[in-house]
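Turn these sequences into a full structure, and let the hints steer you where they fit.
If you read the protein sequences in the order shown, they are chains A and B. Numbering (the numbering used here) for the first sequence: 1488 to 1719. Numbering (the numbering used here) for the second sequence: 13 to 230.
Don't read these hints as lab results, they were simulated from the structure. Careful, some of the hints might be misleading.
[Claimed, not checked] EDC-like mimics (lysine to aspartate or glutamate), calculated; alpha carbons at most 16 angstroms apart, straight line: (1) K1656(A) x E17(B); (2) K135(B) x D1545(A); (3) K135(B) x E1623(A); (4) K229(B) x E17(B).
All figures in this text were calculated on a predicted structure; none of them were measured in a lab.
The residues making up each chain are set out below.
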Amino acid sequence: MINKVIQDAREAVKDIPSGAFLMMGGFGLSGIPENCISALLERDINGLTIVSNNAGVDDFGIGLLLKKKMVKKMISSYVGENAEFERQLLSGELEVDLIPQGTLAERVRAGGAGIPAFFTPAGVGTEVAEGKEIREFDGKLYLMESWLRADFSLVKAWKGDSAGNLIFKGTARNFNPIMAAAGKVCIAEVEELVPAGELDPNQIHTPGIYVQRIFEGKDYEKRVEQRTISKS
Amino acid sequence: MLTKEQIAQRIAQEVQNGQYINLGIGIPTLVANYIPEELEVVLQSENGLLGIGPFPTEENIDPDLINAGKQTITMVKGSVLFNSAESFAMIRGGHVHLTILGAMEVSENGDIANWKIPGKMVKGMGGAMDLVASADNIIVAMQHCSRSGESKLLKSCSLPITGIRCVKKIVTDMAVLEIDPSGGFFLKERAPGVSVEEIQSKTEGKLIITGEIPEMKF
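Here it is in structure tokens:
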């Protein structure tokens, strides 16, 4: 079995250059590659384009990269929790493509699956459709969207093995599996790394073929955005 | 005038046995609290879960388990987790029967605007555009008027559109209305104590009134 294991986050991101096109898994702060983001903050690079459903919060996740002015462009679906993001966007310092969440997911999936374009109903009749090919199928209008592929995709899983196979936990799965496949180099950080053969092949969510580097992360904060509890 | 909880309570009456349902952020999330226990329904969260349960107790909080509003949640028995592409495949594929979401504006032909105020607010559309383009049954939960008192039920939306001709029903703090296929807000019910004249005066788009309009029942 091919061994994908590397030392740590610092080694994982050491060759990401300025201007790189990145994908980062996560929904809100759930399932984000915390260790890789910390390691990127130590690098002297900028001009990054990042595909991520959200843009973190002001003092955590991608918000930290924004604050250090390392990001040129975000490609996201919802950015409502980040005041610094909104400030940079309205002042023109940051470019942003806001994309319907399902379209974002499918563009990433298509990138990993070798499908250059597809048709979706999402956004027909809205400003999202501007400049896009519209076609009718069975009496309904659809617009064409193209794939997304990245230089590096940074994903976070619960468990992984030395062959790069990944298992996710809860709703921390979200964009991680599809982004793994859409990156030329996929860097996976996991909470628990085991030797190949220890994960049940029946239970693996992301096959290791998509993963080029894997390491065991540490000190996961897993910050909760909306701490909602039942009284009873 | 209804409270947010009462709007949610009224919408819960629209839920039918056997439905898979996506609830948006805000008032729609509250609908879950009022779905009768005898109905078997499954709540979908577009970040990758079918089978949303109640909020956790303090000791059961799991940061790896949140809904689309980033709130900590639990799972019911029979739940299933999946990735974001799978989640929207089931949405676009028409497998989710009912979508309930909030809005800033709805037009009399069923257009909805809820994602952007140019120059002011840039939050993004999240999954709303996919949901409204795909679901057959879309119910909007919102206040009848904006904070400044302007009608949110309009002839045509002034804000950037989220989806066209997609809203079927609207429940506000004043009324239950259906979008007429030929255009117009068909007034079906009044909130207790609210007159047809008041609803008319707060509805900028075409209001269709036929016969006696009953009060909502709870």
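Does the structure keep K229(B) and E17(B) at a Cα separation of 16 angstroms or less?
With a Cα-Cα distance of about 14 angstroms, the restraint between K229(B) and E17(B) holds, given a limit of 16 angstroms.
Measure nothing beyond the straight line between the CA atoms of K135(B) and E1623(A); if it is 16 angstroms or shorter, mark the hint as holding.
Violated - the C-alpha atoms of E1623(A) and K135(B) are around 30 angstroms apart, more than 16 angstroms.
Distance restraint between K1656(A) and E17(B), which requires alpha-carbon spacing of 16 angstroms or less
Roughly 33 angstroms separates the two Cα atoms, so the pair is violated.
Restraint status (C-alpha distance of K135(B) to D1545(A) at most 16 angstroms):
holds, 14 angstroms
Figure legend: structure checked against the earlier numbered hints; hints not met, in rising order: 1, 3.
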